[in-house]
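Assemble chain A onto chain W, guided by the hints.
So the sequence lines, in the order shown, correspond to chains W and A.
In terms of full-length UniProt numbering, the first sequence is residues 1 to 524.
In terms of full-length UniProt numbering, the second sequence is residues 1 to 524.
Bear in mind the hints are in silico, worked out from the structure with no lab data behind them.
A hint or two may mislead.
Note: identical chains are not told apart, hence a pair may lie in one copy or across any two.
Stated by the list, open to error - With a Cα cut of at most 25 angstroms, we get these calculated SDA-like pairs of lysine to any residue:
1) K437 with S260
2) K325 with D426
3) K437 with P281
4) K436 with S260
5) K325 with D304
Protein chains: 2
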Amino acid sequence: MDSAPPIADWQELAKSKRESAFARIPTDWILPTTLTSQYTETTGLNVLDVPRTCGLLTEQELAITEDHDATALVELMSTGKLKSVDVVTAFCKRAAIAQQCVNCLTEIMFDQALARARECDNYLEKEGKPLGPLHGLPISLKDSFNVKGTQATIGYVSFIARPPAATNSTVVDILANAGAVFHVKTNLPQTMMTADSHNNIFGRTLNPHNLSLTSGGSTGGEGALIAMRGSVLGVATDIAGSNRIPALCCGISSIKPTASRIPFSGGVPPGRIGSPSPILPVIGPCGRSIRDFELFMRTVISADPSNLDENVLPVPWRSINPSTKPLRFGLLRACSQRPLHPPIARALHTTATLLKTAGHHMTLLDNVLPSLYTSAILAYKFFLLDSSHTPASYMRASGEPPIPSLAGASFPELDGWEPNLQELWDLNVQRAGVLKKWHHVVVKGGLDAVIMPGYQATAPRHDTYGVPIYTVIGNLLNWPAGIISVGHAEEEKDREFWNKGEDYEPACKFCVLCMLSFSQRVKI
Amino acid sequence: MDSAPPIADWQELAKSKRESAFARIPTDWILPTTLTSQYTETTGLNVLDVPRTCGLLTEQELAITEDHDATALVELMSTGKLKSVDVVTAFCKRAAIAQQCVNCLTEIMFDQALARARECDNYLEKEGKPLGPLHGLPISLKDSFNVKGTQATIGYVSFIARPPAATNSTVVDILANAGAVFHVKTNLPQTMMTADSHNNIFGRTLNPHNLSLTSGGSTGGEGALIAMRGSVLGVATDIAGSNRIPALCCGISSIKPTASRIPFSGGVPPGRIGSPSPILPVIGPCGRSIRDFELFMRTVISADPSNLDENVLPVPWRSINPSTKPLRFGLLRACSQRPLHPPIARALHTTATLLKTAGHHMTLLDNVLPSLYTSAILAYKFFLLDSSHTPASYMRASGEPPIPSLAGASFPELDGWEPNLQELWDLNVQRAGVLKKWHHVVVKGGLDAVIMPGYQATAPRHDTYGVPIYTVIGNLLNWPAGIISVGHAEEEKDREFWNKGEDYEPACKFCVLCMLSFSQRVKI
Numbered sequence: 001m002d003s004a005p006p007i008a009d010w011q012e013l014a015k016s017k018r019e020s021a022f023a024r025i026p027t028d029w030i031l032p033t034t035l036t037s038q039y040t041e042t043t044g045l046n047v048l049d050v051p052r053t054c055g056l057l058t059e060q061e062l063a064i065t066e067d068h069d070a071t072a073l074v075e076l077m078s079t080g081k082l083k084s085v086d087v088v089t090a091f092c093k094r095a096a097i098a099q100q101c102v103n104c105l106t107e108i109m110f111d112q113a114l115a116r117a118r119e120c121d122n123y124l125e126k127e128g129k130p131l132g133p134l135h136g137l138p139i140s141l142k143d144s145f146n147v148k149g150t151q152a153t154i155g156y157v158s159f160i161a162r163p164p165a166a167t168n169s170t171v172v173d174i175l176a177n178a179g180a181v182f183h184v185k186t187n188l189p190q191t192m193m194t195a196d197s198h199n200n201i202f203g204r205t206l207n208p209h210n211l212s213l214t215s216g217g218s219t220g221g222e223g224a225l226i227a228m229r230g231s232v233l234g235v236a237t238d239i240a241g242s243n244r245i246p247a248l249c250c251g252i253s254s255i256k257p258t259a260s261r262i263p264f265s266g267g268v269p270p271g272r273i274g275s276p277s278p279i280l281p282v283i284g285p286c287g288r289s290i291r292d293f294e295l296f297m298r299t300v301i302s303a304d305p306s307n308l309d310e311n312v313l314p315v316p317w318r319s320i321n322p323s324t325k326p327l328r329f330g331l332l333r334a335c336s337q338r339p340l341h342p343p344i345a346r347a348l349h350t351t352a353t354l355l356k357t358a359g360h361h362m363t364l365l366d367n368v369l370p371s372l373y374t375s376a377i378l379a380y381k382f383f384l385l386d387s388s389h390t391p392a393s394y395m396r397a398s399g400e401p402p403i404p405s406l407a408g409a410s411f412p413e414l415d416g417w418e419p420n421l422q423e424l425w426d427l428n429v430q431r432a433g434v435l436k437k438w439h440h441v442v443v444k445g446g447l448d449a450v451i452m453p454g455y456q457a458t459a460p461r462h463d464t465y466g467v468p469i470y471t472v473i474g475n476l477l478n479w480p481a482g483i484i485s486v487g488h489a490e491e492e493k494d495r496e497f498w499n500k501g502e503d504y505e506p507a508c509k510f511c512v513l514c515m516l517s518f519s520q521r522v523k524i
Numbered sequence: 001m002d003s004a005p006p007i008a009d010w011q012e013l014a015k016s017k018r019e020s021a022f023a024r025i026p027t028d029w030i031l032p033t034t035l036t037s038q039y040t041e042t043t044g045l046n047v048l049d050v051p052r053t054c055g056l057l058t059e060q061e062l063a064i065t066e067d068h069d070a071t072a073l074v075e076l077m078s079t080g081k082l083k084s085v086d087v088v089t090a091f092c093k094r095a096a097i098a099q100q101c102v103n104c105l106t107e108i109m110f111d112q113a114l115a116r117a118r119e120c121d122n123y124l125e126k127e128g129k130p131l132g133p134l135h136g137l138p139i140s141l142k143d144s145f146n147v148k149g150t151q152a153t154i155g156y157v158s159f160i161a162r163p164p165a166a167t168n169s170t171v172v173d174i175l176a177n178a179g180a181v182f183h184v185k186t187n188l189p190q191t192m193m194t195a196d197s198h199n200n201i202f203g204r205t206l207n208p209h210n211l212s213l214t215s216g217g218s219t220g221g222e223g224a225l226i227a228m229r230g231s232v233l234g235v236a237t238d239i240a241g242s243n244r245i246p247a248l249c250c251g252i253s254s255i256k257p258t259a260s261r262i263p264f265s266g267g268v269p270p271g272r273i274g275s276p277s278p279i280l281p282v283i284g285p286c287g288r289s290i291r292d293f294e295l296f297m298r299t300v301i302s303a304d305p306s307n308l309d310e311n312v313l314p315v316p317w318r319s320i321n322p323s324t325k326p327l328r329f330g331l332l333r334a335c336s337q338r339p340l341h342p343p344i345a346r347a348l349h350t351t352a353t354l355l356k357t358a359g360h361h362m363t364l365l366d367n368v369l370p371s372l373y374t375s376a377i378l379a380y381k382f383f384l385l386d387s388s389h390t391p392a393s394y395m396r397a398s399g400e401p402p403i404p405s406l407a408g409a410s411f412p413e414l415d416g417w418e419p420n421l422q423e424l425w426d427l428n429v430q431r432a433g434v435l436k437k438w439h440h441v442v443v444k445g446g447l448d449a450v451i452m453p454g455y456q457a458t459a460p461r462h463d464t465y466g467v468p469i470y471t472v473i474g475n476l477l478n479w480p481a482g483i484i485s486v487g488h489a490e491e492e493k494d495r496e497f498w499n500k501g502e503d504y505e506p507a508c509k510f511c512v513l514c515m516l517s518f519s520q521r522v523k524i
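One chain only, chain W, in its complex shape:
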């Protein structure tokens, strides 16, 4: 990374920002240090039960945060069976507890959220109808979204000097108009281009299943927060897997839609704008319930976002009736450069077997598609087109050092690779070839979806995730892709999938969930 004279007080600046952000947690919601002193990145503790055992949440608050998805909560609030102020209070409290366990937050907006929740309740009482399709629902936002009056430092110390946002991100405006309430913003990695949500302002987000493991990134704050049930629905971005990696690490679900459906404007970019890369960043929801993702997508797209953001496709939401015929799945197994760890191999095998047993078709796609590894290197060349290295300049501006995981977040094959315009033409031709081949196999082949791993392993130890070759293909193709939880690692059951000749990181045995990435051509 670039060398530059450090600014003497960057640590002070970061500390001051961090402390003022977290000072917004009410003192009543602070856990005893006897507990929090245990929650370090080396302990291997599972903290998922802390919200239930710490005694801070009432039975009703536990029920609100554990028993419903977002769709159900909106229904309950819209019909007056629950008050938004109670729902928002419950999630604020639980988010505060999550923060003290796994360090998943950046900006805390509890006061504004509770005020807005009261507005929602008053509106319902006065008007006899809900504010909108997200009436009173607390939603968490990755730090890169702008909320008027709140900072979006996205983990760069030099951005602390920037004033609070003067306007909302477009999608934030749409969600707010639909009745959503924003209670927290969540942590992410410095540069947003690594899978460890760690930066020099807010520190590192830990995996609530095992604090020694990564929560994933770049939307790792959401992954950890939702796993702790401090939020029921989060808003993330994704350019290489940023909304899917935290989901597969933390055992939640997420979807990366095709680009230009959810308005991207109005947020804070981690690098230079104007990239000629054909890979566009995408906004999508994360949570626990697939119908919640439909609620999110339908709400945003029904707001006609192309009127608000000139880069959104003016294409309405369309409902699709579930197929009554058996589905046709492609099954894409391991990439030889990143062989599957036993729990993932078992998850893939079990899922395929269950689907076949249920009458669905399963077509093996091994060796008929372009190499995932080569495709990922191609994608990363598109990510390296900025010769001015803007993220590094943002770091140099404060003197802060790069976070450790950045060292392993790129391909050794690309060390020293410098982009140039003429090669960019060739890269586009290569990408077109990859897309054409996938289209031939999947679309012309009549497949409804491809089932594949989201990663070769369950959540790895901090700073060891490496390059996301299983997720970035969805971005290179610009096809929708999602993560669905299908089970837990179990050493006994996984053993038969252990190819002894292969490397198997022991940390994985602590890991809890195996995930599959799900790709389908968009019909929405």
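Structure of chain A alone, referenced to chain W:
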């Protein structure tokens, strides 16, 4: 242009190709040389009446080619009131006559067309239903589309060595499956990046209204052919105005849809593929009837082209009910660097006045949008990203010289400009700014469409068109845009719109049609 040792026989090669192509006109359809010897690019003759006066067409053939649009012809053929073989014969004969007047064709496919027409007739007779929504309809294609078994030299002498196409362009396949019959391919400029449809194989296409004027380009063969009624519906491409410039020069209509709706795959590109330019080439129809454009768009999009071409948006065709409320138009007048010639100024004024009288709203957009001239220079930078100058290498391969109009087809401001990757980021930021401003004024401003000139003048003399600043903005924005005929130049009436201080090319007084470019955000 690059210098290279000429290949001794490029002229022979071109002549041989040209003669073999035109030898496919049946001898019965050849005009006497007493006529054709007059049809030169310097005579100023109007040849629109030649098909009617030359005696080659029967009364029925004149009626078929003059009295109906494509929608009506399909209806008549689908119900057995006309035979496809008669319709196709009429258009083949008329296209042959047009060729001899204005040199608008490249590949002649009369035999194949008549055979296919008989198949259509037989199908209808046997099955009692039409083959598809374009049953039996003759359609003309720009030379850059591939038709199996036919060459697509696109005016490069070096491409004569290429074998005939082994497959159809995707859109050609779709149209064929819908029942269309292809009778001719049409002329275009060497490189496809100038407004004079002129190349060293097939020569120059002339404007049938006045042979001394350009037919426009790059789809000028279509413009001239359709003006001569040698085709009722043509298929064109457009990246800077290529489907609109011939329409405004020849007095027909056309539409450039948004990109990635009509499948672009399977054709012959005039330059390097893999461009990182955000301006994508677009396919659209040209003809005389707006409902024919709907027929074309609906037919292609209803064939679910995203299954056939991986770059097509998977968005179905949607019908829109005509608005019952007054429409809100923006009126964009002259760009100071290219002031309007009197007939265009009058056409714009008259149209705006008529629309206002009819109760529609008209908002003047002068000085609220980014400069068209500056925007066009930006667009042309995107067209200059290929430092390897592929079109020049295609020319060098045969030793053919560049056509004269290429000298005036670029901006003097860009002489010596060399693209580089880092500037490309800045260009994208500039484009984003232009799009944002247009979106703000037009979309957020609640306008339904913008009315503006398609060019500062009526069709100019050969090789003088220059840069297409009024059309390329539609490509830079990726908004749909079209050309609608609203009247003729009339010296007497135009005089009051003549600002004496401005340059007014006298050739224009011979010109016949003033066109308006029509932009509307796509809702299809």
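Each hint, compared with the structure:
1. K437 with S260: This pair counts as both: shortest intra-copy Cα distance 23 angstroms, inter-copy 18 angstroms.
2. K325 with D426: For K325 and D426, the Cα distance exceeds 25 angstroms both inside one copy (41 angstroms) and across copies (50 angstroms).
3. K437 with P281: Classified as both; 23 angstroms inside a copy, 22 angstroms across copies.
4. K436 with S260: Close inside one copy (21 angstroms) and across copies (15 angstroms); limit 25 angstroms.
5. K325 with D304: between (32 angstroms within a copy, 20 angstroms between copies)
Of the numbered hints listed earlier, the single one contradicted by the structure is hint 2.
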